[in-house]
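A.B. asks: The residues making up each chain are set out below.
Protein chains: 2
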Amino acid sequence: MEDKVIVQAKALNAFCVNVFEKLDVPTAHAKVTADVLVEADLRGIDSHGVARLRRYVKGLQDGVMLAHPKEKTVKETATTALIDAGAGLGQPVSDRAMKLSIEKAKKYGTGFVTVRNSNHYGIAGYYAMMALKHDMIGMSMTNADVLVVPTFGRHAVLGTNPIAVAVPTGQERPFVLDMATSTVPRGKLEVYDRLEKEVPLGWATDEKGVPTTDAHRVLDNFVARRGGGLLPLGGAGELFSGHKGYGLALLVDILSAVLPGAAYADTVYPKTPQGKPLPANLGHFFGTNSVEAFRPIDGFKSTMDELICRLKNSPKAEEATRIYIHGEKEYEETERRTKDGIPLDAKVEADLRAISRELNVKYDL
Amino acid sequence: MEDKVIVQAKALNAFCVNVFEKLDVPTAHAKVTADVLVEADLRGIDSHGVARLRRYVKGLQDGVMLAHPKEKTVKETATTALIDAGAGLGQPVSDRAMKLSIEKAKKYGTGFVTVRNSNHYGIAGYYAMMALKHDMIGMSMTNADVLVVPTFGRHAVLGTNPIAVAVPTGQERPFVLDMATSTVPRGKLEVYDRLEKEVPLGWATDEKGVPTTDAHRVLDNFVARRGGGLLPLGGAGELFSGHKGYGLALLVDILSAVLPGAAYADTVYPKTPQGKPLPANLGHFFGTNSVEAFRPIDGFKSTMDELICRLKNSPKAEEATRIYIHGEKEYEETERRTKDGIPLDAKVEADLRAISRELNVKYDL
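If you're matching them up, the sequences are chains A and B in order.
For the first sequence, our numbering gives the first residue as 11, with consecutive numbering after it.
For the second sequence, our numbering gives the first residue as 11, with consecutive numbering after it.
Just so you know, the hints here were simulated from the structure itself, not pulled from any lab data.
Quantities reported herein were computed from a predicted structural model and do not represent experimental measurements.
It cannot be assumed that every hint is accurate.
Each pair may be met inside one copy or between any two copies, as identical chains are not told apart.
To be verified - The calculated EDC-like cross-link candidates involving lysine to aspartate or glutamate, where the alpha carbons are at most 20 angstroms apart (straight line), are:
id	residue 1	residue 2
1	Lys41	Asp315
2	Lys322	Glu248
3	Lys322	Glu217
4	Lys80	Glu368
5	Lys68	Asp34
6	Lys117	Glu86
7	Lys14	Glu338
8	Lys322	Asp13
9	Lys198	Glu345
10	Lys85	Glu208
11	Lys116	Asp276
12	Lys85	Asp145
13	Lys109	Asp216
14	Lys326	Asp216
15	Lys281	Glu329
16	Lys322	Asp276
17	Lys32	Asp276
18	Lys116	Glu86
19	Lys326	Glu338
20	Lys117	Glu329
21	Lys326	Glu368
22	Lys20	Asp315
23	Lys286	Glu248
24	Lys339	Asp203
25	Lys372	Glu31
So here's chain A without its partners, still in its complex pose (with noise of 0.2 angstroms):
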């Protein structure tokens, strides 16, 4: 077990909004972004958390991230919208983009917004669930970093592209899909590789295209862009059926990116010939689907936990005890962690307080 940190959820979400503001970024703008980071904490998608604020302030200084980005709907009809984002904080613009599909879906059964000239946005999942409280289903995905080698190939060319998929329930907890589309992200290579284990065949392949073990090897290839990567959902070739997970990933490249008309595959987080990074230009899709359009909600709702129970009443495997839904775990552990607070790596905890030094922002966690 790594060192741990327990923090407040409230106070860690107070300090990334004065580290926004701090960095120029309008408080509204600044709230929704530690919002989205600090739901990841919470829901225990650390990879997904606070862990990434230096990479947000390292951003806004080096202007690849602009804190007043020139943010505009590019293209408009009652049911759809495009959204460029001017190279501003990926999670102000989700956010506006999904409450417009929102909107949309309640005046016209279904709402879908594209965004492109993004930046990183967060947790899937979070846009999704927004959709929940208006008794809606919601839908959220993004390209992102260049890390999943397609099927066959050598390199990585796509990236771990996430699915999220909210949809709202009667007593039962909401049904919230939220899932990259590789097999592991690239945070779980990293944790068996501080733990020196050998990670299992089928999570990644070595710099030839070949599956490994080794998750040091793979994580060295990237920072030296040697090749190899990540694995789609279903591993190597097409024993396990990687092709679909290869397919779903190119799927959400082309929804979130080429439809907007953002980078796509290997183009995102492009350079300078000198090698200086220019915006990421990361493109996203957001979609609402109302319930009523097809059923009246309250039927919905006690069908969908008819459906649940039914599941996770349903005989247990040798040696399984449970049968979860998807986002029940993060539900519980969002309980548990407002209640008992947040579990920090010791080290992430370290780079909050260096973060608050550099920038002088108040730490009092």
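Got chain A; can you put chain B on it based on the hints?
C.D. replies: Frame of chain A; chain B shown alone:
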């Protein structure tokens, strides 16, 4: 290599139309149903082609599939519709539903149509691909017969619930993802069983919910309803993210069954207390998204071509020679089989002849 009989698509299609007509299916519906079946054979998805003709014949004879269903549009808005298929064949209602979703997308940017009280609709990709000639993005999903075990479960509760998405391109072949959300379909186990080969661990579980290499046992357990079944994409447990495949299967069940109010999870294909089959009450989900709502179609198509070339031209893994785009193999197979004929399994061909004799339909393949 099993015995094959070469038949021509056109003659096969005509035979299927005659069979359906003989069973009192109206000509227009007979044509669509035959088209969907033969298209599967052309694309090389033999499990979903005329190998299933017997099941449709039996379904129509038993009255669980109606030749003259009372199909009706239960609810409709500008962008959405819900159709009750009246226990008719899955193909004609799905063809109509997808056309309706395309019409809506032409007018309003997006269109979603769900169907309940339906039957097996053939290959999911057929309907998604209908959007291509309108330069739109098509989507199709359905729930299906109960074969898939949820993560940590012992019994199959979900179907192989496929997801199909088709995206238009310029010079390159369209992107057509058409994937079951299980690691492999049941048919793959049947092939291994015939060859008396062990299946890889990660495809299926035994009756205790434990991964097994014994295909025969899994198939036998299906018949005897002893438990176990196919594993979701990603395999058993969470090590290779089987919970993601399970989540996708569940998502398809929600969108195609819970949303229209069809039978969901393992409530599909109900029977009377005496064991007599009742209509399957399957549900489908069709969607169309206009590209032009976001960006001009020409630019979109060029970018799709660039993305595809980028992937295909990227370096290959050791011992690999080619990176595929989804749908590519099926387009090539269609070209081959259109030219050289469809190699039907000898047993399947013998059954077609048996159907011809039983129904007194001319067999001239």
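A.B. asks: Each hint: holds or not?
C.D. replies: Evaluated hints:
1. Lys41 - Asp315: neither (34 angstroms within a copy, 40 angstroms between copies)
2. Lys322 - Glu248: For Lys322 and Glu248, the Cα distance is within 20 angstroms only across copies (16 angstroms; inside one copy 31 angstroms).
3. Lys322 - Glu217: Answer is between: at 18 angstroms across copies they meet the 20 angstroms cutoff, but 42 angstroms inside does not.
4. Lys80 - Glu368: neither (28 angstroms within a copy, 72 angstroms between copies)
5. Lys68 - Asp34: within (13 angstroms within a copy, 70 angstroms between copies)
6. Lys117 - Glu86: The answer is both: 14 angstroms in one copy and 14 angstroms across copies each meet 20 angstroms.
7. Lys14 - Glu338: Classified as neither: same-chain Cα gap 24 angstroms, cross-chain 49 angstroms, threshold 20 angstroms.
8. Lys322 - Asp13: neither (34 angstroms within a copy, 45 angstroms between copies)
9. Lys198 - Glu345: Answer is neither: 24 angstroms inside a copy and 43 angstroms across each miss the 20 angstroms cutoff.
10. Lys85 - Glu208: For Lys85 and Glu208, neither the intra-copy (49 angstroms) nor the inter-copy (55 angstroms) Cα distance is at most 20 angstroms.
11. Lys116 - Asp276: Classified as neither; 36 angstroms inside a copy, 32 angstroms across copies.
12. Lys85 - Asp145: between (27 angstroms within a copy, 19 angstroms between copies)
13. Lys109 - Asp216: neither (42 angstroms within a copy, 46 angstroms between copies)
14. Lys326 - Asp216: between (36 angstroms within a copy, 12 angstroms between copies)
15. Lys281 - Glu329: Answer is neither; intra-copy 51 angstroms and inter-copy 32 angstroms both fail.
16. Lys322 - Asp276: between (40 angstroms within a copy, 13 angstroms between copies)
17. Lys32 - Asp276: neither (33 angstroms within a copy, 55 angstroms between copies)
18. Lys116 - Glu86: Result: close both inside a copy and across copies, 16 angstroms intra and 15 angstroms inter.
19. Lys326 - Glu338: Intra 17 angstroms, inter 39 angstroms, cutoff 20 angstroms: intra-copy only.
20. Lys117 - Glu329: neither (49 angstroms within a copy, 54 angstroms between copies)
21. Lys326 - Glu368: Classified as neither: same-chain Cα gap 52 angstroms, cross-chain 45 angstroms, threshold 20 angstroms.
22. Lys20 - Asp315: Neither: 32 angstroms inside a copy, 47 angstroms across copies.
23. Lys286 - Glu248: neither (38 angstroms within a copy, 39 angstroms between copies)
24. Lys339 - Asp203: neither (25 angstroms within a copy, 38 angstroms between copies)
25. Lys372 - Glu31: within (12 angstroms within a copy, 79 angstroms between copies)
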